[in-house]
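Protein chains in written order, with our numbering: chain A, 1 to 111; chain B, 1001 to 1113.
Mixed in with the good hints, there may be bad ones.
Using 25 Å as the maximum straight-line C-alpha spacing, the simulated DSS-like pairs for lysine-lysine come out as follows [said to hold, decoys possible]:
(1) B:Lys1022 - A:Lys71
(2) B:Lys1067 - B:Lys1022
(3) A:Lys71 - B:Lys1040
If you are wondering where the hints come from, they were derived from the structure by calculation, not from laboratory data.
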Amino acid sequence: GESVGLHLPTLSVQEGDNSIINCAYSNSASDYFIWYKQESGKGPQFIIDIRSNMDKRQGQRVTVLLNKTVKHLSLQIAATQPGDSAVYFCAWDTGFQKLVFGTGTRLLVSP
Amino acid sequence: DTAVSQTPKYLVTQMGNDKSIKCEQNLGHDTMYWYKQDSKKFLKIMFSYNNKELIINETVPNRFSPKSPDKAHLNLHINSLELGDSAVYFCASSQGRLTGELFFGEGSRLTVL
Chain A
1 GESVGLHLPT
11 LSVQEGDNSI
21 INCAYSNSAS
31 DYFIWYKQES
41 GKGPQFIIDI
51 RSNMDKRQGQ
61 RVTVLLNKTV
71 KHLSLQIAAT
81 QPGDSAVYFC
91 AWDTGFQKLV
101 FGTGTRLLVS
111 P
Chain B
1001 DTAVSQTPKY
1011 LVTQMGNDKS
1021 IKCEQNLGHD
1031 TMYWYKQDSK
1041 KFLKIMFSYN
1051 NKELIINETV
1061 PNRFSPKSPD
1071 KAHLNLHINS
1081 LELGDSAVYF
1091 CASSQGRLTG
1101 ELFFGEGSRL
1111 TVL
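With the hints as constraints, model all of the structure from the sequences given.
Structure, rendered in structure tokens:
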């Protein structure tokens, strides 16, 4: 099996629980933020994004919250399902045409 | 139809060898990227191209040379491979020059022995 990701922060939840994944970003000038989901053996997939002129955005079962004062982003997943098990990344633009990724969080959902 | 496809998916090679990874996107996007993901899952941008023009070169050793023959293709050639080059390399594309949603390929796992 793989040994990758052993030091990745991990959030373990039960199926049906709500999950909250947090992210601290470093660039106070960033005005665009994205959450990605990466399943094992696959590339990251877009989940939801938010611009800096908003503090909350909702999608299907997911909500992103942005607190620019403390440079904090969170992803809330409602009624978490086993299929939500993956590594989740926040990302932000640097203002130099570049998207920077944060450290991922592994979400483990138990049936 | 795969939107962003990379080949090969796995690559095992000896130190000192030269290898290439190919990427193609059929989304009609203008911008393509190479990202490197290390063993701790950290994703870092290496290069980006917009309409065949290099716009980001993120302090990558010059052993790494990207080539974009057209806006649908971005290849990565690596000379004199080192152990530290072992990683998963992801190609991505986006519409527009800045950020927006990136569409990633499935990754190419490079192992240098």
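Which hints from the list above does the structure break, by number from lowest to highest?
Of the numbered hints given earlier, the structure breaks just one, which is hint 1.
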